[in-house]
Amino acid sequence: MSNISYLSTGRRKNAIARVKVSNGNGKIIINNKSIDEYFLGLDRLKKLALKPMTIWDGVKSYDFFINVCGGGVSGQAGAVSHSLARAILELNESSKSALRKEDLLTRDSRMVERKKPGRPKARKRFQFSKR
Numbered sequence: 013m014s015n016i017s018y019l020s021t022g023r024r025k026n027a028i029a030r031v032k033v034s035n036g037n038g039k040i041i042i043n044n045k046s047i048d049e050y051f052l053g054l055d056r057l058k059k060l061a062l063k064p065m066t067i068w069d070g071v072k073s074y075d076f077f078i079n080v081c082g083g084g085v086s087g088q089a090g091a092v093s094h095s096l097a098r099a100i101l102e103l104n105e106s107s108k109s110a111l112r113k114e115d116l117l118t119r120d121s122r123m124v125e126r127k128k129p130g131r132p133k134a135r136k137r138f139q140f141s142k143r
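Position in the sequence shown (first residue = 1) + 12 = the working numbering.
Accuracy of the hints is not assured; some may be wrong.
Think about it this way: if two alpha-carbon atoms lie no more than 27 Å apart in a straight line, the pair counts; the simulated DSS-like pairs of lysine-lysine are [claimed, not checked]:
no., residue 1, residue 2
1, K108, K59
2, K136, K58
3, K32, K59
4, K136, K25
5, K136, K113
6, K25, K63
7, K133, K113
8, K128, K63
9, K108, K128
10, K72, K45
11, K59, K128
12, K39, K58
13, K128, K142
14, K32, K142
15, K127, K113
16, K45, K63
17, K128, K32
Don't read these hints as lab results, they were simulated from the structure.
Please construct the entire structure, taking both the sequences and the accompanying hints into account.
Pasting the structure below:
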């Protein structure tokens, strides 16, 4: 078996995750840490990040090396999920309908709303005083 390598990118909020896929035995490494170590104590986010792995059972024969930066932990988990789904799509084209059904290939476009001038935050207003 040749050493196949794929690259894919996923985004969520301000986080960007880049995945490199190579032949292996199912390891998932995020920023040179295991996924359990990276999402330590955040089981909900770890489950969200690994959701695409449940779609196709052939992922156990590949290693996934993920570099994620920007945003917070929640956005990073979403970016990892998006990039893993795109990587699985490159590995197995027939899993597209299952990934699409779980809404894993669609980039979540929700972003933080910008702060407006004359206000403390995007929508919050300063306290109004009648007198």
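27 Å Cα cutoff - pair K25, K63: holds, 18 Å
Restraint status (C-alpha distance of K133 to K113 at most 27 Å): violated, 37 Å
Given pair status - K113, K136, alpha carbons within 27 Å: Given that 27 Å is the threshold and the Cα spacing comes to 37 Å, the pair is violated.
Pair hint K136 and K25, alpha-carbon separation not exceeding 27 Å: holds, 21 Å
Holds or violated: K128 to K32, with C-alpha atoms at most 27 Å apart: The given pair, whose Cα atoms are some 39 Å apart, is violated under the 27 Å limit.
K39 paired with K58 [C-alpha distance capped at 27 Å]: Given pair K39, K58 holds - Cα atoms ~14 Å apart, limit 27 Å.
Holds or violated: K136 to K58, with C-alpha atoms at most 27 Å apart: violated, 33 Å
Satisfaction of hint between K142 and K128, Cα-Cα up to 27 Å: holds, 23 Å
27 Å limit on alpha-carbon distance, applied to hinted pair K32 and K142: violated, 60 Å
Holds or violated: K32 to K59, with C-alpha atoms at most 27 Å apart: Distance ~20 Å between K32 and K59 Cα, so the pair holds.
27 Å Cα cutoff - pair K127, K113: Not satisfied, since the Cα-Cα distance of roughly 35 Å exceeds 27 Å.
Proposed proximity, K128 with K59 (alpha carbon, max 27 Å): Distance of about 36 Å is beyond 27 Å: violated.
Violated hints, in rising order: 2, 5, 7, 8, 9, 11, 14, 15 and 17; the structure is consistent with all others.
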